[in-house]
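**Student:** Given next are the chains, with one letter for each unit.
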Amino acid sequence: MSIEIPDIVIYIAMALVLTALLFGLIRLIIGPGVSNRLVAFELISLTILAFILLLSVATEEAIYTDIPVIIALVSFIGTVAISTYLKQKGK
Amino acid sequence: MSILVSILILAGAIFVFLAALGTLRFSSMLSRMHATSKALSFGLLLLLIGVAIFFNSTAVYVKAIMVIAFVYLTAPLAAHAIAKARSTKHKDKMH
Chain A
209 MSIEIPDIVI YIAMALVLTA LLFGLIRLII GPGVSNRLVA FELISLTILA
259 FILLLSVATE EAIYTDIPVI IALVSFIGTV AISTYLKQKG K
Chain B
91 MSILVSILIL AGAIFVFLAA LGTLRFSSML SRMHATSKAL SFGLLLLLIG
141 VAIFFNSTAV YVKAIMVIAF VYLTAPLAAH AIAKARSTKH KDKMH
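So the sequences go chain by chain: A and B.
Residue numbers for the first sequence follow this note's numbering, so the first one is 209 and each next one is one higher.
Residue numbers for the second sequence follow this note's numbering, so the first one is 91 and each next one is one higher.
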């Protein structure tokens with residue numbers, strides 16, 4: 209906690225990550241087919257992971273870094289479950 | 091040390107933004123997956139190293155190493171699963 213970083217760094221990084229989230233949402237809406245939406249879903253989940261990391265730096269609460277561990281596991285399981293369902297359905 | 095953390099956090103956010111820009115702007119689904127699986131993993135690596143140096147405690151270092159290992163082990167597997175699901179659906183449009 210002894211490290212002080214300027215607020216503007218956190219604000220710029222949060223703006224970039226939220227713009228990335230908006231781009232992922234646009235791709236989730238317009239993406240043709242289920243595969244593109246699955247790619248956008250993976251992008252959105254990992255972008256939310258990045259935003260929670262930035263939020264933990266902004267509020268200086270180290271306990272928030274528990275959340276990315278769970279998101280990294282659950283998003284992988286979700287992606288593999290949906291793509292396995294699509295693969296079984298395509299046969 | 092604060093300059094190092096600032097540079098790591100900004101570089102990670104820029105890589106995440108570029109991954110999302112590639113996912114929005116690329117033309118085919120396989121190139122979109124290329125942007126998502128590689129640039130996003132690298133951006134998260136830089137962000138996690140920056141956050142771990144910022145808090146500078148053992149628990150945060152362990153969690154950062156766990157998340158880096160999970161992301162770098164599971165992002166290629168998820169991309170492979172998505173590509174296999176698409177290739178069984180469109181056998182003629184792979185190239």
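Everything labelled a hint here was simulated from the structure, so no lab data went into it.
For clarity, every value in this text was computed on a predicted model and none was experimentally measured.
Check before you lean on any hint, since a few could be wrong.
In silico DSSO-like pairs for lysine-lysine, Cα to Cα no more than 27 Å straight-line [to be verified]:
#1 A:K297 / B:K174
#2 B:K174 / B:K128
#3 A:K295 / B:K128
**Student:** A:K297 and B:K174: Cα distance at most 27 Å?
**Tutor:** It holds: about 12 Å lies between the C-alpha atoms, which stays within 27 Å.
**Student:** Would the pair B:K174 and B:K128 pass a check requiring their Cα atoms to be no farther apart than 27 Å?
**Tutor:** Holds: B:K174 and B:K128 sit about 18 Å apart, inside 27 Å.
**Student:** Within 27 Å, alpha carbon to alpha carbon, are A:K295 and B:K128?
**Tutor:** 23 Å, holds
Going down the numbered hints, you'll see the structure goes against none, and every one checks out.
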